[in-house]
Amino acid sequence: MTTIDILAIVVTLLIVVLLAKPVGLYLAAAFDYGPNRLNRIYGPFERLIYKIGGIREENQSWKAYAASLVVSNAVMIFVVYLVFRFQGMLPLNPSGIAGMEPSLAFNTAISFMTNTNLQHYSGESGLSYFSQATGILFMMFVSPATGIALVMAFIRGLTGRAPGSFFADLIRAVTRVLLPVAFVSALLFVFMGVPQTFEPAATATTLEGAQQTIARGPVASFLAIKELGNNGGGFFGVNSAHPFENPNGLSNLLQLLLMLLVTTSLPYAYGKMAGRIKQGRILFVSMLVMFIVMTGISLSVEQAGNPALNALGVEHGQGSMEGKEDRFGTAQSAFYSVVTTASETGAVNTMHDTLTPLGGLIPLANMMLNTVFGGAGVGFLNVLMYAIIAVFLSGLMVGRTPEFLGRKIEGKEMKLIAVTLLVQPFLILVPTAIALATNPETISNPGFHGLTQALYEFTSSAANNGSGFEGLGDATTFWNVSTGIVMFLGRYISMVTLLAVAGSLAAKKTVPESSGTFRTDTAMFGAVFVGVVLIVGALTFFPAVVLGPVAEYLTL
Amino acid sequence: MRIIWVSLRTIFAVAIVCCVVYNVAVWAVAQAAAPDKANGSLIENAEGQVVGSRLIGQEFTEPGYFRGRVSSIGYDANGSGSPNYAPSNPDLLSRAEESVAAWQAENPDVPVSELPIDLITNSGSGLDPHISPAAAEAQIPRVSAATGIAADKLQKMIEANTQGRSLGLFGAPVVNVLELNLEVQAAR
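Listed in order, the protein sequences are those of chains X and D. Taking the numbering used here, the leading residue of the first sequence gets 1, the next gets one more, and so forth. Taking the numbering used here, the leading residue of the second sequence gets 1, the next gets one more, and so forth.
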């Protein structure tokens, strides 16, 4: 790794930091129902969609908002399930791909609706162009839009306002954020070399006279929303490691920026909406600090490489190259693995199964903590939840009733948050134990790494990330059904409980700030916040992590 | 019930905008502005026959061609994939040992200490079209002996087919193996 490699990462982070505030302010304005300039620009187009959808832009009750979210998502899962099952009879299927098997269609429909994009099929052979272009692409828009709608409603609740209308928020997220950015980036991707064609696979005669079939398709439009919406599901089986899905360093940079765009700007959107820009910035900086530490560890261990291979006496200055692509090198591969798990995207440009033990621990830790930025909308929701816990713990320590944004945090809210907090380790650790006990034959790598494979699969499912240790033989009914259930519960339980928290807080009277109020816009609060995240995360997952990656590292 | 009805109508509206309008708009602009890239950066030879894609690696076994990365799928571009060996997997070590032994047999003039690690490791996609410049240079003696092309001429070909980092900053410098071998084929 050279100085240029480090400089490239520093420059990338600088762009992220510079974009965060303006995009955050844009988001805050985009979801403001009052009359403003954006409403005049997008209004006519949106009113047309509202008319087709039968949507009214009026405040719902908290229960109606939550019900709209869950029911609409369930209906979408069902419709797309049918598309996958019957793709063999539907149009745009030049390669003649058959309908999907039921448990796989169940898994895939849930996977894309929950923003997970865990893929137990391979894009080239498992899906027709019709399924890719309607089912998958459709969900890649509505799933992040659901997450963004949710966090907007949550912030409105924290500041004592009504939740808004779920369907109107959903449409606004699509028309004002996802669609314009995705369109421009898709075209940029084409100019960088990403295909966008509806022609079937090409056939080539290689220099040595063999026949090579080259799969292609409408990749660019898919890729843009995959990254921007923190979806992460690949058009091709190997995702962004495929040269068509990530042809060079520039396309790699654009992907990194798209993954971080929405999630890093939400703290500022929150700061603006709550009138606490400073608190938003503190949360942003706290997350950035954790992110930089993760990146540093990942870069250094991947550069050090695999001692077993280095011992063969080859020239190993490039670092660990197994499962990596030459055009990215070790630095951009390791960095991508941190970004994709910090943003809960799940796209990969290197095979995570082949990362060195500690290099694989970093993505796992990002997903377990789920607060180092996190996915579109839901990530920041988790951050606010941890911020409330931090306030609560600080309040206990000094013996005062804790407050957040001037609203008292009491038993009801903390019970809901405790449930949310406990669901995640339950969804990860219990199924991992069941899988290891009942399905050991699906684990492809021997020893401690095998445990990590199963642990990673369920962590990725519960955190709605979607990357995998892909050696796992996960295309079986057991894995399809179990991860399908975990993805669904991992997404919707916390959405409903946290909406309930917002509803409960919104109904409270604000108490005026006094000199005794614990301030939530100071570096002190940032430190408490990071401490809470790390302590809760470490206490929950330490044993599992020791048995998996740490043990592998010590024995390598 | 009303929620289900609104959901279905919203699905219809969003599907038209996101799946049809968005997809076709990107497709139309792409095909008009950059048809070559939009169709997969295919390379044709002088007879107009497609010999591969600039972005997709292919299998090279003859000593007179430069080799690419290890590919467990034999560069079958109708799919993509890698064996996903963990660093601790004994199969990884034995495969790498085989690659090193094969290297020694085919390149007796170049010591193992000059064999770059990207030549004995499987790429992420199994389709990596590139190798590092060092990995290309290490193969010069073998290719030169097999084809009769002078070493310094091969060195120039490698330099001509080396892509630097994007904007001089992002990614790693690499050599495109297929384009390099097309020049080798023309020169021998």
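Note that these hints are calculated values from the structure, not bench results. Heads up, some of the hints might be wrong.
[Unchecked claim] Partial chain D-side listing against chain X, Cβ under 8 Å, derived:
no.	residue
1	S7
2	R9
3	V14
4	A25
5	A96
6	E98
7	R142
8	A146
[Claimed, not checked] Each pair of labels, with its calculated beta carbon distance range:
no.	chain 1	residue 1	chain 2	residue 2	range
9	X	T555	D	V112	24 to 30 Å
10	X	L25	D	V21	27 to 33 Å
11	D	N78	X	G160	54 to 60 Å
12	X	G99	D	V21	39 to 45 Å
13	D	A25	X	V10	34 to 40 Å
14	D	I16	X	I15	42 to 48 Å
15	X	T203	D	I16	30 to 36 Å
16	X	G99	D	V112	19 to 25 Å
17	X	G99	D	Q31	26 to 32 Å
18	D	L167	X	L38	29 to 35 Å
Fair warning: this is a prediction, and the values are worked out from it, not measured in the lab. Using N, Cα and C, we set each Cβ at its ideal position, and we do this for glycine too.
Tested hints:
1. S7: 4 Å, holds
2. R9: 5 Å, holds
3. V14: Since chain X brings a Cβ to about 6 Å from V14(D), closer than 8 Å, the hint holds.
4. A25: Holds, about 7 Å.
5. A96: 6 Å, holds
6. E98: With Cβ-Cβ at 11 Å, over 8 Å, it is violated.
7. R142: 16 Å, violated
8. A146: Cβ of A146(D) sits 13 Å from chain X, so the hint is violated.
9. T555(X) x V112(D): 24 to 30 Å: 26 Å, holds
10. L25(X) x V21(D): 27 to 33 Å: Given a distance of about 28 Å, which is inside 27 to 33 Å, the answer is holds.
11. N78(D) x G160(X): 54 to 60 Å: At roughly 57 Å between Cβ atoms, G160(X) and N78(D) fall inside 54 to 60 Å, so the hint holds.
12. G99(X) x V21(D): 39 to 45 Å: 27 Å, violated
13. A25(D) x V10(X): 34 to 40 Å: The hinted range 34 to 40 Å holds for A25(D) and V10(X), with Cβ atoms some 36 Å apart.
14. I16(D) x I15(X): 42 to 48 Å: 34 Å, violated
15. T203(X) x I16(D): 30 to 36 Å: 34 Å, holds
16. G99(X) x V112(D): 19 to 25 Å: 51 Å, violated
17. G99(X) x Q31(D): 26 to 32 Å: 30 Å, holds
18. L167(D) x L38(X): 29 to 35 Å: 33 Å, holds
Consistency note: the structure conflicts with the earlier hints numbered 6, 7, 8, 12, 14 and 16.
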